[in-house]
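Chemist: This is what each chain is made of:
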Amino acid sequence: MAMNFRYLDSLNPSGSSHKRPCILTVFRNGSERLEQYALVDSGADMSAIDCKLAKKLGLDLGGKRIQSYTASGIIESVISHVDVDVGKGHEHYSFNIPIRVLMTADDYVSPTLLGRMGFFDKFKITFDESNQKLSMKTNGQD
Amino acid sequence: MSKSGDAFMKLDKTPYEGEFVGMCDGVIVAHSKSFDEVYEATKKACGPNRIPFVTQVLPAECMIL
Chain A
1 MAMNFRYLDS
11 LNPSGSSHKR
21 PCILTVFRNG
31 SERLEQYALV
41 DSGADMSAID
51 CKLAKKLGLD
61 LGGKRIQSYT
71 ASGIIESVIS
81 HVDVDVGKGH
91 EHYSFNIPIR
101 VLMTADDYVS
111 PTLLGRMGFF
121 DKFKITFDES
131 NQKLSMKTNG
141 QD
Chain B
143 MSKSGDAFMK
153 LDKTPYEGEF
163 VGMCDGVIVA
173 HSKSFDEVYE
183 ATKKACGPNR
193 IPFVTQVLPA
203 ECMIL
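Going down the list, the protein sequences come from chains A and B.
Position one of the first sequence corresponds to residue 1 (the working numbering), numbered consecutively onward.
Position one of the second sequence corresponds to residue 143 (the working numbering), numbered consecutively onward.
None of these hints come from the bench; they were simulated from the model.
Please note that the accuracy of each hint is not assured.
[To be verified] With a straight-line cut-off of 27 Å between C-alpha atoms, the simulated DSS-like cross-links for lysine-lysine are:
hint, chain 1, residue 1, chain 2, residue 2
1, B, K175, A, K122
2, A, K55, B, K145
3, A, K19, B, K145
4, B, K175, A, K19
5, A, K88, B, K145
6, A, K133, A, K19
7, B, K152, B, K175
8, B, K152, A, K137
9, B, K152, A, K19
Just so it is clear, the structure is predicted and the values come from calculations on it, not from any experiment.
Input sequences plus hints: build the corresponding full structure.
Modeler: Here you go:
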């Protein structure tokens, strides 16, 4: 069964603001939890989270610093792992996914992305841009 | 969908443009440009049994590339 999500309005649900394919996601690490809308990004090799959020979740940031190439330039990052819960209606899925923690400047928080590695490979994902809907159907992998 | 996720979806976010919004059970408990402030206030309001919801309201002109 497919889970269908409406794109999220950036500002006013009844206005003409940008709508984006964001889905409600719970990020978990032990007892630390954070729920937010994350952008489903087919252009991202891996999921990504800002270091300020990662620190609140207590993610392991001790890995090797590597460079990530983003649309806004090269940024230092660390690969970590986090548990994510996504779902709609009676369908819910939990995974532990690799995630790049972006070491951004103090005055900036990057949007959280759900990227291909470890997430897209769990689902068949369809973007219906004209109707501004996202459909996700599990492919049976845990 | 959680109460907060549903409430945020329906919310007119214009007054919170450029800020983080923190919710507990669908009610806004904090908003500010500081993620740290909003997260801590929301976590405190939610207590140990509820999951803090904190999401950024991107400015209208913002494009994610």
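Chemist: Confirm or reject each hint.
Modeler: Each hint tested on the structure:
As the CA atoms of B:K175 and A:K122 are separated by approximately 34 Å, the hinted pair breaks the 27 Å bound. With a C-alpha separation of about 25 Å, the suggested pair A:K55 and B:K145 falls inside the 27 Å cut-off, and the hint holds. Of the pairs offered as hints, the one joining A:K19 and B:K145 holds, with about 20 Å between alpha carbons and a cut-off of 27 Å not exceeded. As the CA atoms of B:K175 and A:K19 are separated by approximately 21 Å, the hinted pair is consistent with the 27 Å bound.
Distance restraint check for A:K88 and B:K145: the Cα-Cα separation of roughly 13 Å lies within the 27 Å cut-off, and the hinted pair is therefore satisfied. A hinted pair counts as satisfied when its Cα atoms are at most 27 Å apart, and A:K133 with A:K19 qualifies at roughly 10 Å. Simply put, B:K152 and B:K175 have alpha-carbon atoms about 21 Å apart, close enough for the 27 Å limit, and the pair holds. Among the hinted pairs, B:K152 with A:K137 is consistent with the structure: their alpha-carbon atoms are about 25 Å apart, no more than 27 Å.
Between B:K152 and A:K19 the alpha-carbon distance is near 13 Å, which keeps this suggested pair within the 27 Å criterion.
The structure does not agree with numbered hint 1 stated previously, though it agrees with all others.
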